[in-house]
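Peer 1: Chain residues, written in single-letter form:
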Amino acid sequence: MPLPRWVLALADDNGCSGSTNAALTAVTSLPNLDERALVAEAQAGSRAAFEELVRRYDRDVLRLALNLMKRPEDARDVYQESFLKVYRNLHRFRFECSFYTWLYRIVTNVCLDHLRRRQARPEDQAPETNTGHHDEGITDFFERQREHRPTLDPERSLMGQEIKARIARAMERLSPRERVVFEMKHYQGLKLRAIGDMLGTTEETVKNSLFRATRKLRNELGGLR
Amino acid sequence: MSTPEKNVKCKDVAPLLVFYACDEISESERELIEAHLANCKACSEQLSEEKELQAALTSVPQTADEVDASGILLSQCRSELEEALDDLSAPPLQEHWRPFGWLRRWMALRPAWAGALLVFLGVLAGTQVVPWLQNSSGRNASGQAMNVRARQPLTPDQLSGMQISGVNFLPTQGSDSPNVQLQLNAEQPMVLSGNVEDSDMRYVLTYVVKNGDRFDAGTRLDCMDALKAATRDEQVRAALVNAARNDQNPAVRIKAVESLRDAAGEDDVRQMLLDALEHDSNPGVRVEAVNLLVGSLDREAPEAGPSSPDGPVVVPTPEPGDDASLERVVRVLQQLQRRDPNRYVRLRSAAALRQIGPREVQ
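Protein chains in written order, with this note's numbering: chain X, 1 to 225; chain F, 226 to 587.
Isolated chain F, as found in the complex (with noise of 0.2 angstroms):
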């Protein structure tokens, strides 16, 4: 015995005698654990307890012998492994691809809660959906966010105290006359909208215009621009009259003379035109102011012609004031084409005597 084999001591055999007494030590241990045991009296008693302990625990029947021991739980997990492995084996089923197949599925498996949620959708369709779409509908048609007709005609209260953030024109389909949104600050903010035929669109853009002290000149250029589809309306073109006349701004005179060309032919624009080619200092007005009177003494020309074409000129009898009238345009026309500083006016003022001037002598 080697002297190592000597010095094995009790305490380092005990841990191993568990290993020795299943054969689970290598060949060296063995030597080792078998000359201490030889000399060594109580290692020699624990291993005969450790072998009676696993001789006791590996003696009771086991489990699986009492519970299986006909084989019948073998042959019931067999089976249940087959229909497993069918199962795994079977090829998918080639399922058509349902829409909202798992909300059918669980409104079928839960008949109460599917009933609830289709009464809410119903409510929530007919409360919220229905009105939104006829607002969008809405808006998409007229493009306006609001739109608040002035049913009652603003009071002068509440004129005099007005101011005007905004004027819009709307394109509108088969009229001349255009469709006005005006943005009002009265008494409460209101957006009044509507053709200038509208007696009560037409009545706040003339008090604009009549008062134009209290507008700037942008809201009075585009009141001036839709009234003047509405100029056949006495008050309308008073209005326009005294505007071109009166106002401080050329380029709102400008427009005023402007506005009125479908009424140049009527006296009280005609003298109009005339004071303001003798009087205003605007060239710009006065080249408008010619242009119009010039533009109504054309309009006029060919009424007497075209009637009888080929038979004698007919010249329409003179009323005693279109004489004076006639008389009045003559003696402007030849002052302007004698002294007015613009070149401009003194040209078409020539040429609208020239085409006067055959008239008088019919």
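Chain X on its own, in the form it takes in the complex (with noise of 0.2 angstroms):
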């Protein structure tokens, strides 16, 4: 029985191309390629090339989606929304930026719809906002944490805990922007020229952006220290 595409990805992903499947052999082939011969191939109509570029970028977009979603659901959402886009709109590419660049243009977006949608439906936050049952599952996860890492220092842990649980009420008090912004520049370790690109604005635009967010987290987490 032949293995689904994305266990073949997953295969791949792992160095365990070579399979005699035929199929196998045309999607591990394409690794080799540079990123602009794989569009010109996807946008030839290769779907294999497509899956190809997907499997090189979409742990990065997964990532993104999750830190700035928090929910699994809307992160799948995110995904599957963005790669849809790039896939109907490939045809449009015309290597004016790095493919990188263009995918993370449509992911932000899609996510900034996302995190609008959800601005506007105050019953429909992110789990992590100060709640009981946030707290709960803040506890839940440095509870597995611990058991993971039995030699971690409970302390530590619990401070750490504390910390989170201010750091997701801060983040909440962000524009979507601002949060975008925020979370390319300090996680996704962007550079903000490159994420003035990615967003469709200037650099000095992105500036502005990111200082309001790090004052608000700052009046916010006044007392971290």
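Since the hints were derived computationally from the structure, they do not count as laboratory data.
All figures in this text were calculated on a predicted structure; none of them were measured in a lab.
From the three backbone atoms N, C-alpha and C, an ideal C-beta is built for every residue, glycine too.
Take these hints with a grain of salt, some might be off.
Listed next, the stretches of chain F that the computed footprint assigns to chain X, with coverage defined by at least 3 CB atoms under 8 angstroms from CB atoms of chain X [stated by the list, open to error]: (1) 236-247; (2) 268-282; (3) 336-344.
Two independent chains are provided; combine them into the complex using the hints.
Peer 2: In structure tokens form, the structure reads like this:
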């Protein structure tokens, strides 16, 4: 029975290529291509090339989506919606920027849409708010972490739990754009110029967003030290 | 250190510390900030706070690390994307065109509403469409918007108050007598339609001719035109004869004479024709009368001849009244031949006398 394509992709990610299966061969031969050639192949209609592009970037995409949306189901929606948009609009990509930038522009726009919709529905807030249920979730998470890492200092873990909850609450004060900028700068490690390209705005605008975000966080987390 | 670097103040540096801490400043800004920090303890402390804040923020485990450390969510996402891409890549279903497919789908999903809709359509078709179709077909067949037959004869009172606003002749097939439609303004407006053979219709038409002074000339003319097919009826004939003698309008008198063409051989009609020839001042009436008279004589003449073409001519034995009538005809024709002011009447009279002459000899 042929393996699902995503299994082949995972196998490929783990370096287990070299199967005699023709499909697998077709898939595993693509990683040798550079990004431009892959995009060109995908634009020509190669489904395998498109899947290779997905595998190259989808970890980062899902990470960004999870960090911004907090809820796995929302992150899955962002992932799916983003890559389907890429698939439908790939023929419009003219290599005026890197594929990575173009992809992130789509992903951040989808995230912003979701965040704005969520902001318009107060009952549909992310789980990491200041609620009893949320605190329980955080506690459960750190309990699990402690079980997995028994050598971790319990006191430090408890402090981390408190800090994490406060940071989560402070993050909720940011506007969707400020959250995206802060996430991409501090958690994705992108430069402000690149963030500006992805958001379709100037570096100065991104700087302003980051400055406002940091000021808000400092005000919220004044006694963090 | 240059002069501008010495003049940099804390309020200029403070906003840049955020970006200095995350390495997002230009080289020139970096030089200015570092030069200022070397001499400003407050800004140095603020920078330390900024770095601590950023370190605290970035040191917290991220949601992505917590939720999908094992990569299962990523695998699920990839699988779902594969399925979505398969759906996108699949060729569209070749559905045959189905008329009212949306209605069928709607009905299939809402059986109660569909049943109610069907019942409503059935009631609508039964109560509205069928009668409408019947009316429509009836209208097309007869061309009558309303067709009221006078089953009950009109009473004398109704007739005395009756006005006629229109007389229409309707085409008929297989009958010499026309269908007539009378639009009456009696006690209530009505349309009387029927064949002139119908006694009610004939009664009304005759009433109009008899009481010509109450109706306009056009109506009288139309009624006479309709009645010319019913001159066998004595009342009709009497009304027409009376109109030929007495109607004020010469055209109506001419029409009355013409309407009696089929009855020109009748005594009362012949007497009327002779009276008209002697006394009517209108040449048109006299022309029509002499034509009818000559025509009636023509029709009478062959009655003797063709019965025995090879034998001797048999002249029917004249009755006593016939002699008197014929004598008057001859006398009138002779007078017309000599005195009538109309030349056509004189010529026609002479021709008639020539036709009658041999018969008198025989």
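Peer 1: Taking a Cβ-Cβ distance under 8 angstroms as contact, does the stretch 236-247 of chain F have three or more residues in contact with chain X?
Peer 2: holds (count 4)
Peer 1: Okay, the stretch 336-344 of chain F and chain X, do three or more residues pass the C-beta test at under 8 angstroms?
Peer 2: The restraint on the stretch 336-344 of chain F is violated, since only 0 of its residues have a Cβ under 8 angstroms from chain X and three are required.
Peer 1: Closer than 8 angstroms Cβ to Cβ for three or more residues is the test here. Does the stretch 268-282 of chain F pass it with chain X?
Peer 2: Holds, because 7 residues of the stretch 268-282 of chain F bring their Cβ atoms closer than 8 angstroms to Cβ atoms of chain X.
Comparing the model with each earlier hint shows a violation of hint 3 alone; every other hint is respected.
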